[in-house]
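Enquirer: Going line by line, the protein sequences match chains A and B.
Take 110 as the starting number for the first sequence in our numbering and just add one per residue.
Take 110 as the starting number for the second sequence in our numbering and just add one per residue.
Hints in this document: simulated from the structure, not taken from any laboratory.
If you're wondering where the values come from, they're calculated on a predicted model, not measured in any experiment.
A portion of the hints provided could be inaccurate.
The list cannot tell twin chains apart, which means a pair is met if one copy fits it or any two copies do.
When the alpha-carbon atoms are kept at most 20 Å apart in a straight line, the in silico EDC-like pairs for lysine to aspartate or glutamate are as follows [as the list claims (entries may be wrong)]:
{"#": "1", "residue 1": "Lys406", "residue 2": "Asp322"}
{"#": "2", "residue 1": "Lys406", "residue 2": "Glu364"}
{"#": "3", "residue 1": "Lys186", "residue 2": "Glu417"}
{"#": "4", "residue 1": "Lys406", "residue 2": "Glu417"}
{"#": "5", "residue 1": "Lys406", "residue 2": "Glu365"}
{"#": "6", "residue 1": "Lys186", "residue 2": "Glu164"}
{"#": "7", "residue 1": "Lys406", "residue 2": "Asp195"}
{"#": "8", "residue 1": "Lys406", "residue 2": "Asp160"}
Spelled out, the chains give:
2 protein chains.
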Amino acid sequence: MTLVCVGSIAFDSVETPFGARERMLGGSATHFSLAASFFTEVRVVGVVGEDFRDEQFQVLEERGINTEDVERVTGEKTFFWRGRYDYDLNTAHTLETQLNVFAGFEPRLSPASTSAPTLFLGNIQPELQLRVRERAQGVRFAALDSMNLWIETARDSLVETVATVDCVLLNDAEARMLAGEPNLTRAARRIREWGPSLVVTKQGEYGAALFTDGGFFSLPGYPLEDVSDPTGAGDSFAGGFVGFLAAHRGEEQTEELLRRAMVYGSVMASFNVEAFGTERVLSLTRQEIDERFRAFKEITHFEAVPFEPPVHAAV
Amino acid sequence: MTLVCVGSIAFDSVETPFGARERMLGGSATHFSLAASFFTEVRVVGVVGEDFRDEQFQVLEERGINTEDVERVTGEKTFFWRGRYDYDLNTAHTLETQLNVFAGFEPRLSPASTSAPTLFLGNIQPELQLRVRERAQGVRFAALDSMNLWIETARDSLVETVATVDCVLLNDAEARMLAGEPNLTRAARRIREWGPSLVVTKQGEYGAALFTDGGFFSLPGYPLEDVSDPTGAGDSFAGGFVGFLAAHRGEEQTEELLRRAMVYGSVMASFNVEAFGTERVLSLTRQEIDERFRAFKEITHFEAVPFEPPVHAAV
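Hey, can you work out the whole structure from these sequences and the hints?
Expert: In C-alpha cells:
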C-alpha cells in the first residue's frame with residue numbers, strides 16, 4: 110500500500126573519525142524513502158534545485174520510489190548541510206547549513222499522494238507538516254518525526270501537529286524535552302495523551318522503544334564494531350518502521366505487528382550507519398535484511414524459565 | 110552454592126527530586142548481598158565502625174546473609190557517603206565522603222569464604238580486589254565491578270586484577286574508558302582479551318548488555334514511571350546476576366543460563382530504584398521477582414516471522 114513521505118532532500122558533506130564525503134545525496138526524505146522502498150511503494154514529496162540532476166533522481170527511481178511530487182526549482186540550489194561527528198557518534202556538529210530552495214518549500218501533493226493511506230511527515234517545520242497532514246485526505250495512518258530546533262522555536266505548532274498524527278518518532282532526549290518530563294515513560298504517556306496512539310523513541314546506539322496503549326517494547330541497537338556515519342539513521346529507522354506498517358495496511362495493527370515494524374526499523378538503521386550517506390542501504394539485499402532481522406531475534410531472546418530458589422533462601 | 114562478596118558497607122545520605130533520607134544502610138556489598146540473597150547463600154566481607162549496630166547486622170542476617178567476615182572496629186566510624194541526584198538520575202553528585210574505617214580496610218576471609226566457589230569483588234581499590242582474588246583459592250567463578258575513580262588513578266593494577274576474573278561488570282562509559290575505545294563492542298572485546306570471558310555493561314535506564322565468546326545479548330531497562338533513588342542499582346544488578354549464576358554453579362554455564370542471569374540482574378536493579386536505599390529490596394517477595402522476570406519477557410518479545418515483500422518491490 111502506498112506510502113507518501115515529505116521531508117528534506119539534500120546534499121550532505123560529512124566528516125567522521127572514519128572518513129569524509131562531499132555532497133552526498135541526503136536529507137530526511139531521501140533516507141526515509143530508500144529504507145521504506147524495501148517494504149512498500151513510496152512516493153516522495155520535496156523540493157530540489159537545479160544542481161539536483163538526473164543521476165540523483167535515478168538513485169531514488171531505481172529503488173522504485175515515485176518522484177513525481179519532487180519540485181525542481183531552476184536557477185536555485187538544493188538544501189546543503191555540512192556536519193562533523195567526533196568519536197561520540199551520537200552527536201552531530203553542524204558546520205554549515207544552506208537552506209537554498211528549502212527556505213521557501215511549500216509541499217505539493219498530487220492526487221495519487223493525497224489519496225495514499227500512509228503518510229510520513231519527516232523533520233521539517235511543524236506548520237508545513239500540519240498543512241500536508243490536512244491535505245492528505247486519504248490517510249489512515251500518519252507518522253511524524255521532529256527535532257529539538259522545532260521544540261525550541263515552534264513548540265505550540267508542533268504540539269498542534271502532533272495531535273493530528275497516529276505515531277510520533279523522536280530521539281528520547283527530544284521526547285523528554287517536548288513533554289517537559291525527564292522520565293521517558295511519563296514523557297511518552299504525555300505525548301500520547303495529546304493524540305498519537307504510538308510513540309517511538311530512538312535512542313541511538315541504545316536502540317529504540319515503543320509506547321502503546323497495550324504496553325511497552327524495547328529493542329537494543331545492533332552491536333556494530335564499525336560505524337562510519339550515523340547521518341540518516343533515524344530516518345532509515347522510520348523508513349523501515351513506517352514502510353513495514355504501510356505494507357500491512359488493511360491488516361489489524363496488532364502489538365505483534367508493531368513490534369516487527371520496530372525490528373525492521375532497527376535493521377534499516379543498523380545498515381545505514383555502516384557506510385557513508387546512502388551507500389550501504391543502496392547496496393542492500395532482501396537476504397541481508399532478513400538475516401539481520403533474525404540476528405535481532407538472536408541477540409534479544411531468552412527462555413522464560415522460572416528460577417527455582419535453593420532450599421536455604423529466606424524467601 | 111556459596112557466594113562471597115567483598116565491598117563497601119556504608120551509611121548513605123541521599124537526596125533526589127523525589128525525597129531525601131539520612132544515614133541509610135548502603136554500600137556496594139550491602140546492595141549486592143541483599144539482591145543475591147534471593148538466589149543463593151551469601152557471605153559478605155567488609156568493615157564497619159562502632160556506629161554499625163546490631164540492627165544493621167540484623168537487616169543482613171534476616172536475609173540469610175552470613176556476616177562472620179564483617180570486621181567491626183571499635184572507636185571508629187563506618188564509611189559515610191552523601192550524594193544528590195537531580196532530574197538526570199543517571200548522574201550521582203557526591204557531596205561528602207568520609208572513608209572512616211574504610212581507609213584502612215584489609216579484607217579478611219574466613220576458611221568458609223576462601224573455599225566458596227563464587228566470588229564478587231565489589232567496587233573497591235583494585236589492589237584489595239586482587240589480594241582477595243588471590244586468597245580465595247576455592248573460587249571457580251569470580252566477577253568484578255569497578256568505577257571511573259580507579260580507571261583514572263589505578264588503571265594498571267585494575268587491568269592486572271581484571272585479568273584474574275571471569276566476568277567484569279562496568280557502566281558502559283567506564284568500559285569505554287577502561288579499554289580506551291569509544292565503540293562499546295570493541296571496548297568489550299578488548300577487555301575480554303585481557304582475560305575475562307564475560308563483560309557486562311550496565312547502561313542505567315537503557316538496560317544492560319552481555320558480551321561473551323558466543324555472542325551478544327542486550328536487555329532494556331524496565332520502564333518505570335517512578336524512580337526514587339538509583340543508589341545501589343548497579344550493585345543490585347550484580348547481585349541478581351552473580352547470585353543467579355552462583356545458584357547454578359556446577360551446571361554448564363550456557364549462553365541461555367547467562368541470559369537468564371542478565372534478566373534477574375535487571376529485575377533486581379529495577380526494584381532497587383523504586384524506593385530509597387534498601388527499602389524496596391527488603392520488602393520484595395519471590396512472587397514479585399518472578400512476575401517482573403515475566404514482564405521482561407513480555408517487553409522484549411517479538412515473533413520471528415519473515416517479511417513477505419509486496420510484488421512491486423525492486424528487491
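Enquirer: For each hint, tell me whether it holds in the structure or not.
Expert: Tested hints:
1. Lys406 x Asp322: For lysine 406 and aspartate 322, the Cα distance is within 20 Å only across copies (18 Å; inside one copy 24 Å).
2. Lys406 x Glu364: Both: 16 Å inside a chain and 14 Å across chains, each within 20 Å.
3. Lys186 x Glu417: For lysine 186 and glutamate 417, neither the intra-copy (67 Å) nor the inter-copy (40 Å) Cα distance is at most 20 Å.
4. Lys406 x Glu417: Cα proximity of lysine 406 and glutamate 417: across copies only (17 Å, versus 26 Å in one copy).
5. Lys406 x Glu365: both (14 Å within a copy, 14 Å between copies)
6. Lys186 x Glu164: Cα proximity of lysine 186 and glutamate 164: one copy only (16 Å, versus 75 Å across).
7. Lys406 x Asp195: neither (31 Å within a copy, 36 Å between copies)
8. Lys406 x Asp160: Classified as neither; 43 Å inside a copy, 51 Å across copies.
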